[in-house]
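Asker: Chain by chain, the residues run as shown.
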Amino acid sequence: MQEASWLAVGFEIALLVGALAVLLVAVVAGKSPKYWAPVAGFAFLAAAAIGVLQWGAVSNGDGGLFFSAAGVSIALSPMVVMDGLSAFGSILLGLVGFVGMLGSWDLVSKLKNRAPEFVALTLLAYAGLHMMIVSPNLVVIFVGLETASISFYILAGFMRESSESDESALKYFLLGSLASGMFIYGVALTFAATGSLTIYGANSIRDFFSTTIITDPGILLVGLALMLVGILFKISAAPFHQWAPDVYQGAPSAAVGIMASGVKIAGFAVLARIFAGGFVAQIDVWAPIMAGIAALSMIVGTATALVQTDMKRLLAYSGVAHSGYLLAAMVAGIDGVPAMWFYVSTYAFMIIGAFTVVSIVCGPGSTSAPISAFKGLAKRDPLMGWLLTVLMFGMSGLPFFAGFVGKVFAFVSAGEAGYLWLALVGALTTVVGFAFYLRIVSMLFSSPDDSKTPLRVSVPARIAVAISGVVTVAFGIVPWPLLDVVREALPL
Amino acid sequence: MPVLSILILLPVVGAVVVALLPSRRTELVYPVSIGMSIFPLVVASYILWNFSSGDASFQFTEHIVLIESFGISWTLGVDGISLFMVALTTLLFPVSIAASRSITDRTKTYMVLMLLLETGVLGVFLVLDLFVFFAFFEIVLIPMYLLISMWGSDNRAYASLKFVLFTAAGSAFLFVSVIGLGLMTGDEVGTLANFDFRNMLNLDLSSNTQLLLFLGFGIAFAIKIPLFPFHTWLPDAHTEAPTAGSVVLAGVLLKLGAYGLLRFNLTLFPEAAVDLALPVAVLGVVGIVYGAAVAVVQPDIKRLVAYSSVSHMGFVVLGIFAFTTQGLSGSIVLMISHGLTTGALFLLIGMIYERTHTRKIADYGGLAKVMPVYAGIFLFSAFASAGLPGLSGFVGEFTVLIGAYITLPVLAIIAAGGVIIAAIYLLWAYERVFTGAVINEKLEGLKDLGFREIATLAPLIVLIVGIGVYPKPIFDRVEPSVEIILDRIEAATDFAVPDFGRRADLADTEYNETSDESVDEEREG
Chain A
1110 MQEASWLAVG FEIALLVGAL AVLLVAVVAG KSPKYWAPVA GFAFLAAAAI
1160 GVLQWGAVSN GDGGLFFSAA GVSIALSPMV VMDGLSAFGS ILLGLVGFVG
1210 MLGSWDLVSK LKNRAPEFVA LTLLAYAGLH MMIVSPNLVV IFVGLETASI
1260 SFYILAGFMR ESSESDESAL KYFLLGSLAS GMFIYGVALT FAATGSLTIY
1310 GANSIRDFFS TTIITDPGIL LVGLALMLVG ILFKISAAPF HQWAPDVYQG
1360 APSAAVGIMA SGVKIAGFAV LARIFAGGFV AQIDVWAPIM AGIAALSMIV
1410 GTATALVQTD MKRLLAYSGV AHSGYLLAAM VAGIDGVPAM WFYVSTYAFM
1460 IIGAFTVVSI VCGPGSTSAP ISAFKGLAKR DPLMGWLLTV LMFGMSGLPF
1510 FAGFVGKVFA FVSAGEAGYL WLALVGALTT VVGFAFYLRI VSMLFSSPDD
1560 SKTPLRVSVP ARIAVAISGV VTVAFGIVPW PLLDVVREAL PL
Chain B
16 MPVLSILILL PVVGAVVVAL LPSRRTELVY PVSIGMSIFP LVVASYILWN
66 FSSGDASFQF TEHIVLIESF GISWTLGVDG ISLFMVALTT LLFPVSIAAS
116 RSITDRTKTY MVLMLLLETG VLGVFLVLDL FVFFAFFEIV LIPMYLLISM
166 WGSDNRAYAS LKFVLFTAAG SAFLFVSVIG LGLMTGDEVG TLANFDFRNM
216 LNLDLSSNTQ LLLFLGFGIA FAIKIPLFPF HTWLPDAHTE APTAGSVVLA
266 GVLLKLGAYG LLRFNLTLFP EAAVDLALPV AVLGVVGIVY GAAVAVVQPD
316 IKRLVAYSSV SHMGFVVLGI FAFTTQGLSG SIVLMISHGL TTGALFLLIG
366 MIYERTHTRK IADYGGLAKV MPVYAGIFLF SAFASAGLPG LSGFVGEFTV
416 LIGAYITLPV LAIIAAGGVI IAAIYLLWAY ERVFTGAVIN EKLEGLKDLG
466 FREIATLAPL IVLIVGIGVY PKPIFDRVEP SVEIILDRIE AATDFAVPDF
516 GRRADLADTE YNETSDESVD EEREG
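Protein chains in written order, with our numbering: chain A, 1110 to 1601; chain B, 16 to 540.
Calculated from the structure, these hints are not laboratory results.
Only a predicted model underlies this, so the values are computations on that prediction, with no experimental measurement involved.
In silico BS3-like cross-links for lysine-lysine, where the CA-CA straight-line distance does not exceed 30 Å:
#, chain 1, residue 1, chain 2, residue 2
1, A, K1221, A, K1280
2, B, K457, B, K384
3, B, K123, A, K1488
4, B, K177, A, K1488
5, A, K1484, B, K123
6, A, K1488, A, K1219
7, A, K1484, B, K177
8, B, K375, B, K462
9, B, K123, B, K177
With the C-beta cut set under 8 Å, the calculated list includes, among others, these residues of chain B facing chain A:
#, residue
10, F85
11, S164
12, A183
13, A184
14, I194
15, A208
Just the calculated beta-carbon pair ranges, DEER-fashion:
#, chain 1, residue 1, chain 2, residue 2, range
16, B, G405, A, D1593, 52 to 60 Å
17, B, G432, A, R1596, 55 to 63 Å
18, B, A506, A, L1492, 55 to 63 Å
19, B, D315, A, P1397, 48 to 56 Å
20, B, Y61, A, W1589, 24 to 32 Å
21, A, V1389, B, A506, 41 to 49 Å
22, B, A308, A, R1596, 54 to 62 Å
23, B, T119, A, W1589, 36 to 44 Å
24, B, A506, A, P1397, 36 to 44 Å
25, B, V204, A, A1297, 46 to 54 Å
26, B, S38, A, V1136, 44 to 52 Å
27, A, V1252, B, S221, 47 to 55 Å
We put the CB at the ideal spot given by N, CA and C, even for glycine.
Chain A with its partners taken away, still in its complex shape (with noise of 0.2 Å):
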């Protein structure tokens, strides 16, 4: 075990860095974004660069358990992991920031004044979503989503002047705060029963199983069930979804695809972490439960979707079925995480373009974006059109477009363990999706009201549209180089 590496908490380092440079030069060099801003992109890719580095460490052995705190008290350490999950998560929140960075071009230059504490508090986000997946300690664990969580409220009120970004924020506040403390109360059970509070190492959750066999597992059962609770309202997964519509609707169009993207990835990779990796003793108590909750989430959030008439409601309730489609993937346990991670990076990409689509459309700092407001969008401006036809059809799960393949891997995972049902649910409620994704199709290629208005597109907004839409058909078409590396990326 090593004591300390800087490359494993490089992901970390570079954004805390990069949100401290973003104030700092805002302050001494000026206001406009041209200054300061490319020091936040530039973060979000030296991010993903070490990522990469990570990665390369990882599969040359050089990883594992770091910062080990063994003086001070077995249940500390270590504090650290470098896998095949963090690194990756490392590469993929790294890109996806640098895309949400671009994609929120013109909600910043709206800002003015308030833009640089806007992108500081995006890198802390993610720096916090990041520190989620590199801990095998459930207490830094919690750190990270509060971290991630307390930056993401203020981000959703950032448009304070709107009363429902108020709310919005308000709402977010209450009802994640509760998760959160759902899933610490969650993670001193889990203490309480099992006298750890790191997955691996001396004295880890994992060694425990190895060794003891709980025979009244309740305590145990309960601290599980408040974690996995804590997670699924952060993943938004149905019964606990019903604050991601409202929040969604409220906040600046360009933070939530930030927001939406990010918690899903770092969500369901402590999923991963925690469950698939800490937890695989008890995965015949936990799976049936993750099904349910899956089957649910689907249902719940297709059928909700179809009747919406606000496109960020519907962007909402549709990402409550997508993560009864990720979901459907982690029942399988370990053996789900790289089709979970190959659906997550590519849905994580088309989220964002697709609420970049929404703020271009209709106004970065909009909180209403009635899907009349789409109409004509392909005779408007057709590269839009046609992109948010593309992420449609990838969201949709149509072959040929990033979302299928990720389905069918999901699925195929669940049918492997035994849920073959679930794929069937999945495949069903994919054709109801169907009906409101084309609903949007259809809208984009009718003739627009207001006559040819050209849309007004800012550059770095349409190349992170384009950057979507590209990882949406391409790995759509060629889905097996990412195959290939999510396969490795597995906890420890």
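Take the given structure of chain A and dock chain B to it, following the hints.
Answerer: Below, chain B without anything else, positioned relative to chain A:
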């Protein structure tokens, strides 16, 4: 040379070329698109020419492993069953693109979608990896959806969505069945999953599994065909689609379902196929009679032809589930014929619609006086569709009826009644539209078919006559592939395929009535 890969990818290349045409030169789009759609036809002709008849195995095979652990591969091959489907596809696409002269709005997008659609359809017919097959089967929906919803007529939003939801709902079951089958095959070959059709043939499935998977596959294909009672999407989609969309939909897309039944349901799940043959065949016959009867009373001529498709596809299903050489090969010929005749009818309806902008039969009358050439070709296509001897429809329907009569005599007799109703709805429609006096003054002075329009129809007419007069080349290539399907069924179940007309036994067999009856009892019992 990977001929089949080239064939599948050529339309995509064409689509890219069309998409890259300078947007100011709109006049280039139409000729270039036709040119691009000719290339696949050339390659298909090459395949047709070099296909060795009498060989039942897959030819021109290609096999590239894409994802080893999931057992997904790019496996292609063509046999007697898919050969003519491919030929029909590559023929109908240039024809329907050529018939799209009237598309002036977003022509480029339209042509790109048509070419992408062709790739999807060719993929379905040629791919032998079920995962990739499913991807192609499903992807066909997107261009078709966009074609209907962007260039369709008034009720297009409803019709296009209905089309997608109906067919995709069936695909959901197909999807799960494919995954289940893939996982089982994976256990057999030692990977997580395996989707190679040829590996799946070696599976030994229990009868319950067969039944479930048969239904899973079957529902998807039944909706696509469409088999009664899953046909309700079809009249809407056909009626609202632009002309080329209707031609492709009727000519090619419906065949995807029947092809799937033949290729997968019969070979992979022979036990279940034999058990369920009677109910499925009954649904086919109900479709024949119901489709024909409903067609009689349609006020909209395009809807009439759409319902006639339900009727014709019922014959195809009946032929398939008769499990006789004649039934199976007849249904393939009937599919080809249906593609040609219905394609021609939809083209003709499109041509008159461009002139009058109405599809109501009541708005017409005496058209033969105004447009004699048009009337002649329409009558010819109607006869071909109704199954006049000497034309392709007769060959298909007659062979199917013979095949069905051997094992399912009652159903065959009822089905034969469908042929009579077909003559009623087609000729009655002809009478109302073309004969008598010109009652609608709008019809006066309509221009008869021009050279371009006749040239579009010509290849279909030639083939309708050609197949009608001399279908032997088709039967020669189809029958070996049909025989191995029947051999498989015989090997896997205690069903005995009647010897009558079987190629291998032609020399020394006689039609034996008693053994035939025992077959019937077995089936019903």
